[in-house]
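Given chain A, work out where chains B and C with the ligands should sit, using these hints.
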Amino acid sequence: MTNIKKIAVLGGGVAGMETSIQLNRLGYQVDLIEIEDKLGGHVRNWYKLFPDHKPADEFLEKLISNLSATDVQIKTSIQINAFLRKEKKLCLFDQACEFGVYDAVVVATGFDLFEAYRKEEYGFGIYKNVITSAGLETMFLGKTIKTSGGNVPKRVGLVHCVGSRDEKCGNLHCSKVCCITAVKQAITLRQMLPNTEVFCFYMDMRMFGPSYEELYREAQEKWAVRFIRGRISEAAQNADETILIKTEDTLTGRQLKMNVDLLVLMVGMLPSKGTTVIGKKTGLDFGMNRFLKVKDEHYHANETNQEGIFVAGSASAPMNISDTISHARAAATAVDHYLKTTDHERFSEKNNIRNLEKALHEK
Amino acid sequence: MENNNQKFIWREYQKEIADDHFFYVRSCIRQAFFPGSETFFLSFMRNQLGKDVFEDARHTTCTGIGFHGDVVPHETIMTVVARHFALMTEAGYRHVAISCVTSFGIYSEILETWKHFPEIEEKIHQKLILATGRDFNKPDTIAHTSDIIYKFRNEVAAKMKYPLINLNTGEPLKVVEHIGCHYSKMFPQYGVGGAEFPQVLAGMIKAWGGEVVDYPERRHCCGFGFRQYLVQANRGYSAANSKKKFDSMQSYEPDFILCNCPGCTMFMDKWQYTIAELEDTVYGKEGLGIPVLTYEELAGLVLGYDPWDLGLQMHQIPVETLLDKLGINYDPEKKFITQKGENIGTPLIPQHYNIGLKTAGTHSGCC
Amino acid sequence: MATFGFSILKDRQIDYDNNDHRLFRFIEEQEPSIRLCIGCGGCTAGCTAAGFTGFNYRKLNYLLMRGETEHLQKGIQQCMLCGKCKLVCPRGVNTRNMIFALKRAFKTPLWEELQKKINV
Ligand SMILES: Cc1cc2nc3c(=O)[nH]c(=O)nc-3n(C[C@H](O)[C@H](O)[C@H](O)COP(=O)(O)OP(=O)(O)OC[C@H]3O[C@@H](n4cnc5c(N)ncnc54)[C@H](O)[C@@H]3O)c2cc1C
Ligand code: SF4
Ligand code: SF4
Ligand code: SF4
Numbered sequence: 000m001t002n003i004k005k006i007a008v009l010g011g012g013v014a015g016m017e018t019s020i021q022l023n024r025l026g027y028q029v030d031l032i033e034i035e036d037k038l039g040g041h042v043r044n045w046y047k048l049f050p051d052h053k054p055a056d057e058f059l060e061k062l063i064s065n066l067s068a069t070d071v072q073i074k075t076s077i078q079i080n081a082f083l084r085k086e087k088k089l090c091l092f093d094q095a096c097e098f099g100v101y102d103a104v105v106v107a108t109g110f111d112l113f114e115a116y117r118k119e120e121y122g123f124g125i126y127k128n129v130i131t132s133a134g135l136e137t138m139f140l141g142k143t144i145k146t147s148g149g150n151v152p153k154r155v156g157l158v159h160c161v162g163s164r165d166e167k168c169g170n171l172h173c174s175k176v177c178c179i180t181a182v183k184q185a186i187t188l189r190q191m192l193p194n195t196e197v198f199c200f201y202m203d204m205r206m207f208g209p210s211y212e213e214l215y216r217e218a219q220e221k222w223a224v225r226f227i228r229g230r231i232s233e234a235a236q237n238a239d240e241t242i243l244i245k246t247e248d249t250l251t252g253r254q255l256k257m258n259v260d261l262l263v264l265m266v267g268m269l270p271s272k273g274t275t276v277i278g279k280k281t282g283l284d285f286g287m288n289r290f291l292k293v294k295d296e297h298y299h300a301n302e303t304n305q306e307g308i309f310v311a312g313s314a315s316a317p318m319n320i321s322d323t324i325s326h327a328r329a330a331a332t333a334v335d336h337y338l339k340t341t342d343h344e345r346f347s348e349k350n351n352i353r354n355l356e357k358a359l360h361e362k
Numbered sequence: 000m001e002n003n004n005q006k007f008i009w010r011e012y013q014k015e016i017a018d019d020h021f022f023y024v025r026s027c028i029r030q031a032f033f034p035g036s037e038t039f040f041l042s043f044m045r046n047q048l049g050k051d052v053f054e055d056a057r058h059t060t061c062t063g064i065g066f067h068g069d070v071v072p073h074e075t076i077m078t079v080v081a082r083h084f085a086l087m088t089e090a091g092y093r094h095v096a097i098s099c100v101t102s103f104g105i106y107s108e109i110l111e112t113w114k115h116f117p118e119i120e121e122k123i124h125q126k127l128i129l130a131t132g133r134d135f136n137k138p139d140t141i142a143h144t145s146d147i148i149y150k151f152r153n154e155v156a157a158k159m160k161y162p163l164i165n166l167n168t169g170e171p172l173k174v175v176e177h178i179g180c181h182y183s184k185m186f187p188q189y190g191v192g193g194a195e196f197p198q199v200l201a202g203m204i205k206a207w208g209g210e211v212v213d214y215p216e217r218r219h220c221c222g223f224g225f226r227q228y229l230v231q232a233n234r235g236y237s238a239a240n241s242k243k244k245f246d247s248m249q250s251y252e253p254d255f256i257l258c259n260c261p262g263c264t265m266f267m268d269k270w271q272y273t274i275a276e277l278e279d280t281v282y283g284k285e286g287l288g289i290p291v292l293t294y295e296e297l298a299g300l301v302l303g304y305d306p307w308d309l310g311l312q313m314h315q316i317p318v319e320t321l322l323d324k325l326g327i328n329y330d331p332e333k334k335f336i337t338q339k340g341e342n343i344g345t346p347l348i349p350q351h352y353n354i355g356l357k358t359a360g361t362h363s364g365c366c
Numbered sequence: 000m001a002t003f004g005f006s007i008l009k010d011r012q013i014d015y016d017n018n019d020h021r022l023f024r025f026i027e028e029q030e031p032s033i034r035l036c037i038g039c040g041g042c043t044a045g046c047t048a049a050g051f052t053g054f055n056y057r058k059l060n061y062l063l064m065r066g067e068t069e070h071l072q073k074g075i076q077q078c079m080l081c082g083k084c085k086l087v088c089p090r091g092v093n094t095r096n097m098i099f100a101l102k103r104a105f106k107t108p109l110w111e112e113l114q115k116k117i118n119v
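Taken in sequence, the protein lines are chains A, B and C. For reference, each letter of the first sequence is one residue, going 0 to 362 in numbering that gives the first Met the number 0. For reference, each letter of the second sequence is one residue, going 0 to 366 in numbering that gives the first Met the number 0. For reference, each letter of the third sequence is one residue, going 0 to 119 in numbering that gives the first Met the number 0.
If you are wondering where the hints come from, they were derived from the structure by calculation, not from laboratory data. Model, not experiment: these values are computed from the prediction. Treat the hints with care, as some may be off.
[Claimed, not checked] Derived Cβ-Cβ restraints for the label pairs, each shown as a range:
| id | chain 1 | residue 1 | chain 2 | residue 2 | range |
| --- | --- | --- | --- | --- | --- |
| 1 | B | K158 | A | F285 | 49 to 55 Å |
| 2 | C | K73 | A | S210 | 44 to 50 Å |
| 3 | B | K158 | A | V151 | 49 to 55 Å |
| 4 | C | K73 | B | I128 | 39 to 45 Å |
| 5 | A | E213 | C | R11 | 33 to 39 Å |
| 6 | C | Y15 | A | R253 | 24 to 30 Å |
| 7 | A | G282 | B | I128 | 51 to 57 Å |
| 8 | B | G344 | C | K106 | 27 to 33 Å |
| 9 | C | K73 | B | E285 | 42 to 48 Å |
| 10 | A | K256 | C | Y15 | 33 to 39 Å |
| 11 | C | K106 | B | N342 | 48 to 54 Å |
| 12 | B | G49 | A | G282 | 52 to 58 Å |
| 13 | B | V70 | C | A1 | 56 to 62 Å |
Built from N, CA and C at the ideal position, the CB exists for glycine as well.
With the rest of the complex left out, here is chain A (with noise of 0.2 Å):
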């Protein structure tokens, strides 16, 4: 028998797959275990990505043989279904049976994207020429944009915060990614279809991260994107099947109306049916957004309420690519601090903080 400690990361996104290879890295045995046959998760649908509109299949390809150059154990196909605690081991059931025993398990099964027809005034689903941000990353790899009627859209709009920031759908958080995903998809479609106006509609521009505000200024600059800021309150199809929009302009202080070729709404992320069945199975803590609650959103962000379950990547908040390698990363530390620290330490430690936190507050 040997001595090195063995880990089950699950879901093979780019979480998965980047705290897999850095746990590799230090040394530990590593299943890599993922629902679907392949590994890549969302990304895998995109076309290329923001800021620096590098191809998505480029990106992977790199992240998967970084991952092909560990000895990581990959299992595609693979649904754990139980979860039982043997003394400190997790063991990890497929159907009924054991699949394996491990010291620690990495929770990083990704988000789900909000479902549009949820926001039934939109008209997705009912209507041809209204299509999601996904769909629209579809086209791109198709290489063809097309409306129902087989046309180019002369005009396309890109609606803001579908399924985020909205009580009315239950979903009060900002899915972060969303606006970003806008200014590079409307990029996109103004160098593929250089005759194609492109409006993006929306409530706040969150341009949060590096290079982000300077692509938003790029939009406008270089690509001629519109911006109107308003929440579009409906849609509704014409006779000809190209869509009409409603929004305020709420920076003139009127009502806008304007038709449309295809509207593209950027749905919001959610947490995914596997990180919450999982959630539960393991009685992890859930946030208010219902994506993993991590135990300190400073300092344990990684670390959940439960002993030796950690979590990676969007499993816990909407999050870009960038920040799910760096939380990754930084879920592959911390399961090396809980495995090299002994209980005693672990103890200690937490007294530790905690004689911490109560000094802070008696200051």
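Using the frame of chain A, we list chains B and C with the ligands on its own:
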């Protein structure tokens, strides 16, 4: 995929509609302007379906229009509605059937208010006891009468004589539906199918063979408003809203408009005439106007009731074009003769919308 | 008064410190959800009244929050009470009740007092 999704959406908004034993509350506007509608509803429910629908002569207006027009205070309207609940309780009923969307909105809002603020409900109990010596129980369910016809739409379809098919073309009739703001904009969960793709009227249209037209301004208000219409000088504002809808639906050439709310029915019907007189714009395929029906009138027509018994002579936009498409026999001579044989007088012939002058005075389309 | 063929312009700046904020506090107490408004304009986008009149529910919220009470009363008379704004609002502002609360406020002595101030 399209239709699947559409079904999926409104399934989330299914509401409970009682099956029998209704306490019926009439509508001021419906009985005044579409007098055949409520008569049909009662006759259909009682005689064709054998249901128990109870009316109390002591029932009054809900005062909704006064409330929205700023002349009736909130507490007053709550007490008036509480009194109706008291009449219902005394008669041993638990399900209210409401004949007006304004009332329906008022009832929903009051019940919702009481749910969140029980102390207000308690206060109203006290006020009602003080004023009338009555007390009340809240109803188990409230339904708009269109909900009830929606519920029994397949029963209507089974007995249907005139499906919504254009006799001349064999095609389904194209129908515009308008559910009225207060049916589900305030509380989507109280309406069948919610607010964006409501099913209450669409379900009837589909069950009876017609096709629903989804035009861009489908969800826009008819413009009734309350104080907007009540003040003469503001009526242009009210009519402008209806006009917005007509302009938007015109290119679809709908065969008729089906309304949920008696107020909307009235304005969609009468403003067409007003717009024609003021701006010379006429709607409908041949510029003959787009007939506007209540759902009771429509159910009555497809079941083979006589159009004049249903009160269709009271409409501003003549309904004859629609009757012809459906192949319904009617006696033009009897249009303005009551069942007792009295002549109620023919309207002065407006310049527009004269069936007799079909070819002479036609204006084609709008815009 | 002397006539020089011109008059001295009134300052149109929102004078936050000198504005009277009691009306907003009154409304805020009755309908606290008004605080949640983020000015997205969703309410006004589909508003029956905004299309044909100068009425703008979003602006009304903000005028009220800044203590600018002059045009409120005329404004809300345009409202059809159709409820579309409430259906749309992503922040769950109870727009309808806020309008009712304003109507109630117009019947209070506070409003009379504010009116006098405005007319001075
Ligand atoms: C439209 C759109 C465009 C975007 N464009 C960009 C961009 O240009 N640049 C950028 O930086 N970011 C972009 N993002 C964000 C980016 O997609 C995320 O940052 C990234 O996908 C997060 O990776 P993840 O591994 O955390 O989650 P995911 O990508 O969701 O991966 C999760 C993985 O877990 C698997 N899984 C789920 N459940 C289970 C289970 N029970 N067991 C095992 N495995 C499971 C899934 O199959 C999946 O492979 C975009 C997002 C959207 C919505
Ligand atoms: S990132 Fe932008 S589009 Fe996405 S939810 Fe946040 S504000 Fe809305
Ligand atoms: S929709 Fe709601 S949040 Fe947006 S401006 Fe109107 S009241 Fe404010
Ligand atoms: S209720 Fe009033 S403010 Fe709201 S949308 Fe209707 S008319 Fe506009």
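Each hint, compared with the structure:
1. B:K158 with A:F285: 49 to 55 Å: 53 Å, holds
2. C:K73 with A:S210: 44 to 50 Å: 48 Å, holds
3. B:K158 with A:V151: 49 to 55 Å: 51 Å, holds
4. C:K73 with B:I128: 39 to 45 Å: 40 Å, holds
5. A:E213 with C:R11: 33 to 39 Å: 36 Å, holds
6. C:Y15 with A:R253: 24 to 30 Å: 25 Å, holds
7. A:G282 with B:I128: 51 to 57 Å: Given a distance of about 53 Å, which is inside 51 to 57 Å, the answer is holds.
8. B:G344 with C:K106: 27 to 33 Å: 45 Å, violated
9. C:K73 with B:E285: 42 to 48 Å: 43 Å, holds
10. A:K256 with C:Y15: 33 to 39 Å: 34 Å, holds
11. C:K106 with B:N342: 48 to 54 Å: The hinted range 48 to 54 Å holds for K106 of chain C and N342 of chain B, with Cβ atoms some 50 Å apart.
12. B:G49 with A:G282: 52 to 58 Å: 56 Å, holds
13. B:V70 with C:A1: 56 to 62 Å: For V70 of chain B and A1 of chain C the Cβ distance comes to about 47 Å; the hint is violated.
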